[in-house]
Amino acid sequence: MATPSPPRPSPPRLSPSRRVTLAIGLVFSLGTIGTGALYLVHQLGRASYQEQATLDSPATRLLTVHTGGGDVTVRASPDDQVHVTADVRYGVTRPRLTHLSAPDGVLVRADCQGFLLLASCSVDYTIAVPADFAIRADSRGGDIHALDGLAGVVTLNTGGGDLTVSGARGSLDLHTGGGSIRGTDLHCAEVVAETGAGNVILTFSDAPQQVSTVVGAGNVVVEVPATASYRVDASTGAGRSTVGISNDLTSPRLIRAHSGAGNVTVRPVAG
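Quick note: to get our numbering, add 4 to the position in the sequence shown (first position is 1).
Note that these hints are calculated values from the structure, not bench results.
Each residue gets a CB set at the ideal place from its N, CA and C atoms; glycine is no exception.
Treat the hints with caution; some may be incorrect.
What the hints assert, rightly or not - Label-pair distances were calculated between CB atoms; the ranges are:
1) ASP252 <-> GLN54: 47 to 55 angstroms
2) ASP189 <-> SER239: 25 to 33 angstroms
3) ASP108 <-> GLY153: 23 to 31 angstroms
4) THR246 <-> ARG100: 46 to 54 angstroms
5) ASP83 <-> ASP210: 20 to 28 angstroms
6) ASP177 <-> ALA230: 22 to 30 angstroms
7) PRO82 <-> GLN54: 17 to 25 angstroms
8) SER52 <-> ASP252: 53 to 61 angstroms
With these hints in hand, go ahead and build the complete structure from the sequences.
Below is the structure:
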């Protein structure tokens, strides 16, 4: 007579907390796999191209530039037209580019399309405009350059890049969340330069009327012609403040230079 086999033990039952843990782990694993797949598709699908446009100058002499990610360079045009060159890099979805001349000004805009990694793109713009145009340019995280003696009001704003201006003759309003600001051969009456973390260096060829620099963490250098008198307000929260020009409290020309943590220097321009 055969001996009956002992009954198989029942599989252990999962406690509620264990079930929750496994569910969370499953969701996390699927999310990781999905993100990896998106990244792979994005990398394999990367492409680049260049687009150019020539636009007539409108009645309102204004250029407005918006780009989510990429560098912007604006310089003086040899004629009375606006010349736009866009160097585009993207993943799966091509960005939407807007190059438009309307009565209220010229609009240049780059918008990434899609979602998550699929929306990744970078558009570098090189734009030539008549020198008397006002410029308003912003980038979320790229560098912006204004070159070749632009004479209109220039307003530049970037979330985390550097700002460079050379030869400008109009007023400047410069802001970056985390980059340096460099201005050379400036002929501007008024300049505002602010950065959260970076250096500010401004060199003037003509005596300015009003200069304001504010730096969260970084050094400030302002160089001005010694042929004019200035009223100077220079200070730093942690660093050295050096004023190498006469401080004339009656002068209508005002230089404000402040840093939260860094050296501040106001001195005559070399030469």
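Verification of the hints:
Distance hint check: the CB atoms of ASP252 and GLN54 are about 52 angstroms apart, consistent with the given range 47 to 55 angstroms. A hinted range of 25 to 33 angstroms for the beta carbons of ASP189 and SER239 is consistent with their spacing of about 27 angstroms. For the pair ASP108 and GLY153, the supplied restraint of 23 to 31 angstroms holds, since their beta-carbon distance comes to about 25 angstroms. For THR246 and ARG100, the Cβ-Cβ distance of about 49 angstroms falls inside the hinted range of 46 to 54 angstroms, so the restraint holds.
The hint said 20 to 28 angstroms for the Cβ distance between ASP83 and ASP210, and at roughly 27 angstroms that hint holds. For ASP177 paired with ALA230, a C-beta distance near 26 angstroms keeps the hint of 22 to 30 angstroms intact. A beta carbon spacing of about 20 angstroms between PRO82 and GLN54 agrees with the range 17 to 25 angstroms that was offered as a hint. In this structure, SER52 and ASP252 meet the distance hint of 53 to 61 angstroms, their C-beta atoms being roughly 55 angstroms apart.
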